[in-house]
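Q: Here is what each chain is made of, one letter per residue.
There are 2 protein chains.
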Amino acid sequence: MKIPYQSLRKFTKSVFLKIGCSPQDAEKATDVLLAADLRGIDSHGVARLSSYVRLWKSGRINSAPSISIVHETPSTAVIDGGAGLGLVVAPKAMAIAIEKAQQVGTGWVAVNNSNHYGIAGYHAMQALEHDMIGITMTNASPLVVPTFSKEKMLGTNPIAVAFPAGEQEPFIADLATTTAAYGKLEILQRKNSPAPIGWIQDDEGNPTQDCAAISDGGGLLPLGSDREHGSHKGYCLGAMVDIFSAVLSGANYGPWVPPYVPFLGKKEGFVGNGIGHFFGAMRIDAFRPKKEFKTHMDRWIECFRNAKPIDPEIKVQIPGDQEREYEKVRLIGGIPIVDSVLEDLKHLAEHFDIEPEWGSNMPSDASTLEI
Amino acid sequence: MKIPYQSLRKFTKSVFLKIGCSPQDAEKATDVLLAADLRGIDSHGVARLSSYVRLWKSGRINSAPSISIVHETPSTAVIDGGAGLGLVVAPKAMAIAIEKAQQVGTGWVAVNNSNHYGIAGYHAMQALEHDMIGITMTNASPLVVPTFSKEKMLGTNPIAVAFPAGEQEPFIADLATTTAAYGKLEILQRKNSPAPIGWIQDDEGNPTQDCAAISDGGGLLPLGSDREHGSHKGYCLGAMVDIFSAVLSGANYGPWVPPYVPFLGKKEGFVGNGIGHFFGAMRIDAFRPKKEFKTHMDRWIECFRNAKPIDPEIKVQIPGDQEREYEKVRLIGGIPIVDSVLEDLKHLAEHFDIEPEWGSNMPSDASTLEI
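Order-wise, the sequence lines are chains U and V.
Residue 39 is where the first sequence starts when you use this note's numbering, and the numbers rise one by one after that.
Residue 39 is where the second sequence starts when you use this note's numbering, and the numbers rise one by one after that.
Each hint should be verified, as a subset may be incorrect.
A pair holds if it fits inside one copy or across any two, identical chains being indistinguishable in the list.
What the hints assert, rightly or not - Calculated cross-link-like contacts (lysine-lysine; reagent style DSS-like; alpha-carbon spacing at most 27 Å):
hint : residue 1 : residue 2
1    : 229       : 328
2    : 130       : 328
3    : 48        : 329
4    : 346       : 66
5    : 305       : 48
6    : 130       : 346
7    : 229       : 56
8    : 130       : 305
9    : 48        : 332
10   : 346       : 95
11   : 56        : 346
12   : 366       : 222
13   : 332       : 40
14   : 304       : 353
15   : 346       : 305
Read the hints as simulated data drawn from the structure, not as lab findings.
Model, not experiment: these values are computed from the prediction.
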């Protein structure tokens, strides 16, 4: 089933309003969440709406948080997210980073006491319209094993960086520091398909193709898969994200990160508040004239796009290309929603007494568009 | 053969003095270069000394560079390295980043018109004694293929980050954004051993174990090895390093980076000056009190060190552990030098009429120490 973007947006906003978000916060949270659905990262969009509601019900998410600056210098700040939705806390933190970059060239904001913030790429992209480079990372539920370990210690801990370009579309990197994002594993699980060797290990630390191993004592592997192929580098990157996001901000780190996925137990105690994020904004003209930078970014992008392909049918991509393709198609054709997510949305509609409008104004060509 | 650290240091400094470095610059360049030998990254130490001399002879390295700030804001600067040794330019750039961090919390310096700067980790570590986080990256000779391409477009483009700790030793990450560093391939080549599948591809883009493929139209693979195992993420990380180091600074990027390895031809033209680096320093107390941060870093490190191992004999490591082990052994036992490097050093000694002192004061236990 495909739901028109605007209908899904309206519904999602209603849910955020029902749990007590201000109209402004509900609008922002919806914008962040739907950006994932639009850009083809289905695991991070409305598929998670019911989880946010679940966390709000259990008291872990405050829908009217008091977000405050704990400490700051001209180029840095630490923010207490007030246990708010990460979808709301993150845009505020990024706005502070951007403001600081306006003043002194760069701005860096570490956030504690927050929750899952949606797709990292969205937040990095906020810098682009200010002719800045945007950077963000976040820690997350411990699902990932360090190299040589059979204990889940890190989240998929993504890094996102957005660089503005001139005539070309911007370079937008957004990557989990694991071989495969958890969302990809969820998709395979739904299909009952095996995972490629190198994505996960079982409870004894052996390679496995069984997706269920992840909730049965196994773990996701860091980018690199095994020691011989550089998994210590993926572990290292995930660790860096954890330290920037949480040790620097005062959030929980490593195995203490409060889990988002229901099957994970919580390690006893806390070493900080909530989960942590990290944001950066760098003004291009704090380094070189904007026009010069953009001209060279265009040249960089063209040069890499035209790198000799192995298969003439498969061209080299620029980070962000694939998501832009999805966005183009889905803005017109609607957002594909799998049955289990549709069930979730129906339950939310009933629970909050919201009348979803999908079905009524589905564009006639929606079902013919595939990506 | 093992050469005592101090003898090798004295010899190396003599060579830098002979090519015209000031005593201060020769001392610094030696310190950076020998740090690689001490820390077990043999490919980046005195094994490269003759290459620096070669580049100096061909006019690409200026041993008495005029290093200048081209542009700055309170938290940023762009430095023209004056075609100097990267080993000399980089410490100066890092010092400026640290100075800016003292003033406004963080400092970020992009460098153009430089050359190979040794091990990235050395430069990041300079921040530690100031209770700062140190960050650096650099672009390098195009040896790496983007995902889906058979054209070498990127360097091994390392990222290094150093976090101070309290009682524990610091967390020092230093990683090439490829599956394996080029130095590891060189070691296999010397032994005539095959490379693991996933490190390199041949001139047609097929996986290969033949190390020689790298100089025969093939390329190093980005971290992740292939698309299914996340090579697009390694490509993305390498690309980010290239953009921070060169598009932001005004250096050459992508295939235009002037090659350091002799077998690579130079792509016609230039898109900037020399090669590029990027440096960052972040004052811990610009975020939270130093003591608090260090207490939590200690806890982070202890917790990860004690993560359940798969094999009880192989414990989880903290980035920097392995290099510290090498350093302990080599400071006492001397630096192992393979025959081809020893030949190189002998040639340099003859060429510059330097009397190397090794052999005379070799500690008697040197040959019994192995790592």
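Q: Could you run down the list of hints and mark each one as holding or not?
A: Okay, the hints, checked on the actual structure:
1. For the identical chains of this complex, residue 229 and residue 328 are neighbours neither inside a copy (47 Å) nor across copies (49 Å), given an alpha-carbon limit of 27 Å.
2. Taking the shortest Cα distances, residue 130 and residue 328 sit within 27 Å of each other both inside one copy (25 Å) and across copies (26 Å).
3. Taking the closest pair of Cα atoms, residue 48 and residue 329 never come within 27 Å of each other, the shortest separation being 39 Å inside a single copy and 47 Å across copies.
4. Proximity of residue 346 to residue 66 under the C-alpha cut-off of 27 Å is found in neither arrangement, the shortest distances being 41 Å within a copy and 41 Å between copies.
5. Proximity of residue 305 and residue 48 under a CA criterion of 27 Å is satisfied in neither setting, with 37 Å inside one chain copy and 53 Å between copies.
6. Taking identical chains as interchangeable, the C-alpha atoms of residue 130 and residue 346 are never at most 27 Å apart, the minima being 42 Å within one chain and 38 Å between chains.
7. For the identical chains of this complex, residue 229 and residue 56 are neighbours neither inside a copy (33 Å) nor across copies (67 Å), given an alpha-carbon limit of 27 Å.
8. In this homomeric assembly, residue 130 and residue 305 never come within 27 Å of each other (Cα to Cα): the closest approach is 29 Å inside a single copy and 45 Å across copies.
9. In this assembly of identical chains, residue 48 and residue 332 lie within 27 Å of each other by CA distance neither inside one copy nor across copies; the values are 36 Å within and 46 Å between.
10. For a Cα distance limit of 27 Å, the shortest separation of residue 346 from residue 95 qualifies neither inside one copy, at 53 Å, nor across copies, at 34 Å.
11. Taking CA atoms no more than 27 Å apart as the test, residue 56 paired with residue 346 passes in neither setting, with 53 Å inside one copy and 43 Å between copies.
12. For a Cα distance limit of 27 Å, the shortest separation of residue 366 from residue 222 inside one copy, 22 Å, qualifies, whereas the shortest one across copies, 43 Å, does not.
13. When the C-alpha separation of residue 332 and residue 40 is checked against a cutoff of 27 Å, the pair qualifies neither within a copy, at 37 Å, nor between copies, at 50 Å.
14. In this homomeric assembly, residue 304 and residue 353 come within 27 Å of each other (Cα to Cα) only across copies, at 24 Å, whereas the closest approach inside a single copy is 44 Å.
15. Taking identical chains as interchangeable, the C-alpha atoms of residue 346 and residue 305 lie at most 27 Å apart only when they sit on different chains, with a minimum of 14 Å there against 49 Å within one chain.
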